[in-house]
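Heads up, the sequence shown is in our numbering, so the first residue is 1 and it goes up one at a time.
Think of the hints as simulated: they come from the structure by calculation, not from any bench.
For clarity, every value in this text was computed on a predicted model and none was experimentally measured.
Misleading hints may appear alongside valid ones.
Cβ pair distances, simulated, as ranges [as the list claims (entries may be wrong)]:
1. Leu33 <-> Asn88: 43 to 49 Å
2. Gly165 <-> Ile29: 42 to 48 Å
3. Asn102 <-> Met34: 47 to 53 Å
4. Leu84 <-> Asp166: 16 to 22 Å
5. Leu33 <-> Asp79: 52 to 58 Å
Below are the DSBU-like pairs computed for lysine-lysine, each with C-alpha atoms no more than 35 Å apart in a straight line [claimed, not checked]:
6. Lys161 <-> Lys69
7. Lys69 <-> Lys94
8. Lys94 <-> Lys161
Glycine residues also receive a C-beta, built at the ideal position from the N, C-alpha and C atoms.
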Amino acid sequence: MGLMPRRKPPAKPVELMLVPMIDIFSVMITFLLMTAVFSRISIIQLDLPSAAGGAPTEPAFRLEVMVRKEGLELTNGRDTIAALPVENGAYPLKQLTLLAANLKGQHVEVDTASVLMAPDVAYDHLVQVMDAIRSTDATTAASNGFTGTPDERGRISMFPKIAVGDAP
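Based on the provided sequences and hints, a complete structural model is requested.
Set out below in structure tokens:
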């Protein structure tokens with residue numbers, strides 16, 4: 001007697017079970033949201049001029065820092081106070097902080113400054129210059145004749161109100 005070929009049983013239609021997959025995804029999303037580290041975003045407060053402000057009064061002293069590719073230039077709005085060239089590819093931010101502290105000591109009541117940026121300068125340099133004139137350490141402040149309440153990092157405020165614009 002010969003062997004008869006075996007017949008395969010008819011194939012069952014494949015069913016895709018979505019309920020267990022939805023359960024797994026909902027548990028994964030919950031877990032990921034609970035373990036996510038939310039980064040702290042710090043916001044720089046800028047005082048921009050408004051159209052409804054009317055005719056502005058000219059302040060007694062106004063610090064302007066122009067950020068150019070070749071260096072920094074400090075002016076009082078009319079006359080140049082100092083020019084700080086780029087050294088080894090970096091802006092002289094420590095010298096800028098010392099000059100700003102010296103000017104703050106001469107004009108203690110002034111808390112506004114302008115940072116004017118040339119179009120070919122990186123945004124990171126603008127932020128570094130703003131940080132350099134915004135505050136200084138307590139010893140530099142005391143040696144230049146002004147004091148203030150230190151923040152959580154121990155820094156004294158110099159020019160916290162900074163306006164940003166394009167350099168002429």
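Each hint tested on the structure:
no.: 1; hint: Leu33 <-> Asn88: 43 to 49 Å; in the structure: holds, 46 Å
no.: 2; hint: Gly165 <-> Ile29: 42 to 48 Å; in the structure: holds, 45 Å
no.: 3; hint: Asn102 <-> Met34: 47 to 53 Å; in the structure: holds, 51 Å
no.: 4; hint: Leu84 <-> Asp166: 16 to 22 Å; in the structure: holds, 20 Å
no.: 5; hint: Leu33 <-> Asp79: 52 to 58 Å; in the structure: holds, 57 Å
no.: 6; hint: Lys161 <-> Lys69; in the structure: holds, 24 Å
no.: 7; hint: Lys69 <-> Lys94; in the structure: holds, 18 Å
no.: 8; hint: Lys94 <-> Lys161; in the structure: holds, 20 Å
Of the hints listed earlier, there is not a single one the structure fails to meet.
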